[in-house]
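Each chain is listed here by its residues.
Number of protein chains: 2
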Amino acid sequence: MTSLGAYAKKHRVAVIGSGNWGTTIAKVVAENTVEHADLFESDVQMWVFEEQVTIPKGSSSYDPGSELSTKPQPLTHLINTLRENVKYLPGVPLPKNIHANPSIESTVKDATILIFNLPHQFIAKSCEGIKGKVLPFARGVSCIKGVEVSDQGIELFSESIGRKLGIYCGALSGANIASEVALEKWSETTVAYDPPSMDSRHPSPKGSPRQSIDINVSDIDSTALDRGEKSKPQLTPLPSEYPPLSHENMKKLFHRPYFHVRLVDDVAGVSLGGALKNVVALAAGWVDGLGWGDNAKAAVMRVGIMEEVKFGKMFFSESVKTQTFTEESCGVADMITSCSGGRNFRCAKLSVVKKKPIEEVEREELNGQKLQGTSTAHEVNAFLKRKGREAEFPLFTAVHRILIGEKRPEDIPDLLESKTS
Amino acid sequence: MTSLGAYAKKHRVAVIGSGNWGTTIAKVVAENTVEHADLFESDVQMWVFEEQVTIPKGSSSYDPGSELSTKPQPLTHLINTLRENVKYLPGVPLPKNIHANPSIESTVKDATILIFNLPHQFIAKSCEGIKGKVLPFARGVSCIKGVEVSDQGIELFSESIGRKLGIYCGALSGANIASEVALEKWSETTVAYDPPSMDSRHPSPKGSPRQSIDINVSDIDSTALDRGEKSKPQLTPLPSEYPPLSHENMKKLFHRPYFHVRLVDDVAGVSLGGALKNVVALAAGWVDGLGWGDNAKAAVMRVGIMEEVKFGKMFFSESVKTQTFTEESCGVADMITSCSGGRNFRCAKLSVVKKKPIEEVEREELNGQKLQGTSTAHEVNAFLKRKGREAEFPLFTAVHRILIGEKRPEDIPDLLESKTS
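As you go down the protein sequences, you meet chains W and S in turn. Going by full-length UniProt numbering, the first sequence opens with residue 1, and the numbers climb by one from there. Going by full-length UniProt numbering, the second sequence opens with residue 1, and the numbers climb by one from there.
Mixed in with the good hints, there may be bad ones.
Because identical chains share one entry, a pair is satisfied inside a single copy or across any pair of copies.
[What the hints assert, rightly or not] Straight-line Cα separation of at most 27 Å, DSSO-like style, residue types lysine-lysine; simulated pairs:
id : residue 1 : residue 2
1  : LYS251    : LYS9
2  : LYS355    : LYS185
3  : LYS321    : LYS310
4  : LYS185    : LYS71
5  : LYS356    : LYS133
6  : LYS354    : LYS185
It is worth saying that the hints were derived from the structure and are not from the lab.
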């Protein structure tokens with residue numbers, strides 16, 4: 001579909017974030033910008049929140065004869081010198097074309113593709129820092145799992161990033177444990193990308209041009225609208241000097257032999273799967289802790305997937321597809337992984353086994369980190385309560401009621417019986 | 001929907017088979033025939049392949065003062081006296097209304113509902129023994145997992161039972177480990193039941209009457225036809241003295257607080273899920289054995305579910321629905337359970353860990369029992385080869401090629417890449 005060599009410019013890729021998942025995704029795309037030199041500039045800028053880091057003595061990069069190892073160094077300097085993120089992804093060699101950059105502004109300068117991979121608490125501030133400084137026709141991909149719940153409703157991170165920067169933002173999510181992807185252990189992921197088509201030279205990503213050629217209602221808006229929101233960012237068309245960001249070309253940016261990518265249109269579905277599975281993983285952990293076996297755990301996952309679908313269709317109806325949850329890595333596969341050994345699963349299981357409140361297990365086990373499942377469960381419940389829809393989501397509601405001590409894990413089958421069977 | 005008390009007769013239920021799953025299902029339905037006395041006769045006949053059994057000394061039913069414990073007894077006598085299947089489901093108290101019966105003929109006499117739960121090798125002979133001796137309007141439900149592959153093609157057990165006895169036969173399958181269901185640990189299952197409607201008094205099970213009121217092409221035939229078969233059993237309508245076997249009433253026969261049932265129409269889908277997941281479980285075991293982690297395992301399951309859907313739609317096209325595989329217990333949940341700890345998964349994993357052929361692991365681990373996944377993989381492959389469709393099922397084909405030593409588990413990502421991504 002792509003006519004090679006026909007474009008005057010190449011895409012420039014920037015990764016915003018450099019934790020273990022951010023660095024891993026930077027590695028993936030940097031391998032691909034080299035491999036697909038017809039589409040992408042080789043160099044990948046990666047924004048690093050600068051900090052002074054001392055290389056641990058156990059690290060393979062530790063060298064007692066080098067100044068790098070004997071006194072604290074800026075993390076960007078270590079990454080660019082050692083080709084390793086010694087703090088957040090130790091032991092994984094990084095491609096030479098990744099450039100750790102302490103300035104977020106210079107990271108995004110001239111980039112046509114912005115990949116967001118940050119902890120939740122840094123998103124707003126980071127967007128603030130680059131607002132008006134990104135190319136107006138840049139396109140984003142959010143790798144951030146979770147949803148933002150406020151009094152106004154639920155917003156996806158892809159939506160809020162897109163809204164804040166006035167650009168289109170897709171999403172990447174899947175059954176991906178960062179450290180395993182970094183070690184090139186095989187996995188799959190899902191990339192959702194479906195900007196409105198605004199240029200006859202750049203048909204819709206799937207190849208079939210849409211009817212309207214200059215619409216300003218993005219997927220962001222149609223879903224936001226559903227939830228009573230009004231913002232309608234005006235999207236700027238990608239100039240025709242650049243290769244189109246078709247599904248085919250987006251796949252070339254993310255797909256590796258060890259990281260299989262499937263492209264879909266459903267940004268909301270991809271984002272929701274990554275957020276809501278954490279709620280389900282708590283229930284899976286509880287029934288496992290009760291010793292109810294794999295049957296019960298699989299039943300929780302199945303019911304959980306069905307409630308994800310219902311939630312998506314009810315509150316993000318325009319774009320959400322059942323298959324995103326039932327057939328893609330971001331749905332069923334991520335659910336399976338999270339209910340097999342993720343931290344939400346493990347802490348919930350331990351809370352039953354040790355007969356302790358989950359908050360206590362969280363403190364003991366997570367070394368100051370927080371469970372996403374518990375906060376998402378409460379946020380989702382508050383949202384459902386406001387909408388008067390609690391009863392239609394018996395599993396999500398059961399998780400909330402168990403967390404607040406109103407019900408016990410043993411009650412799950414009863415709580416689900418009337419609604420799901 | 002059921003008008004209580006309006007029917008002169010009640011349904012009589014027989015269970016054919018008394019292994020651990022057969023006895024467990026007999027327990028489930030015997031609890032329900034008592035609870036729904038308006039629809040069902042309380043007594044449940046259970047056919048037991050008679051054998052002389054000595055109660056093991058470790059059994060809680062062992063009583064040195066009783067003749068039952070000191071010399072071998074007919075298994076039916078032990079079951080009916082002790083209310084326990086000491087050989088195949090020890091330690092689980094059985095309802096008093098189960099009657100173990102050594103005569104298959106007398107077991108099925110006057111039964112309107114026949115539940116088949118036998119090892120594969122007994123099905124043909126058992127059907128032979130009762131052919132012409134079941135009520136012509138009896139309805140069957142097969143709980144037997146697997147498919148029969150012969151030179152003529154693939155046949156479901158529900159189909160072959162229906163064909164042999166000239167009755168309609170549905171299917172029950174789900175993420176159900178017999179011993180866990182027997183102990184009343186919560187799980188879900190799927191019952192597929194969709195006989196052609198033949199009587200205005202008895203509309204189609206879902207409540208919406210079909211157009212034709214006396215068709216003789218059952219689901220069995222439409223699918224068999226697809227595979228070049230010709231048999232068209234003439235179905236006899238259920239007499240109007242009996243309560244209709246609606247989805248609502250079938251659910252009352254199987255649903256328990258610890259065993260949640262969902263009814264669907266798709267008999268082929270329900271049956272195929274239970275057979276094909278064993279092939280996928282081998283691949284899941286291999287990647288787990290390679291240490292590729294939960295991401296890779298979840299990817300195998302996801303691809304496996306998608307190949308099940310494709311297989312069903314390609315070869316059983318009239319009746320198979322995607323959702324049966326992606327949304328029901330018999331599909332996604334059974335896949336998860338089988339790829340978490342089933343014997344196919346375990347032996348495949350051990351074969352990688354111990355670097356031994358899977359046949360050797362099978363001999364060492366299974367005490368003479370056989371893996372279903374390996375034989376199903378070969379049978380399915382032979383079928384696909386005949387149809388010229390191997391390349392369209394890269395995972396099923398990969399499993400076969402790895403089993404015969406043509407490829408290695410490490411090749412799975414490559415073998416899947418071109419087709420699934």
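### Violations among the numbered hints, reported as their numbers in ascending order
4 and 5
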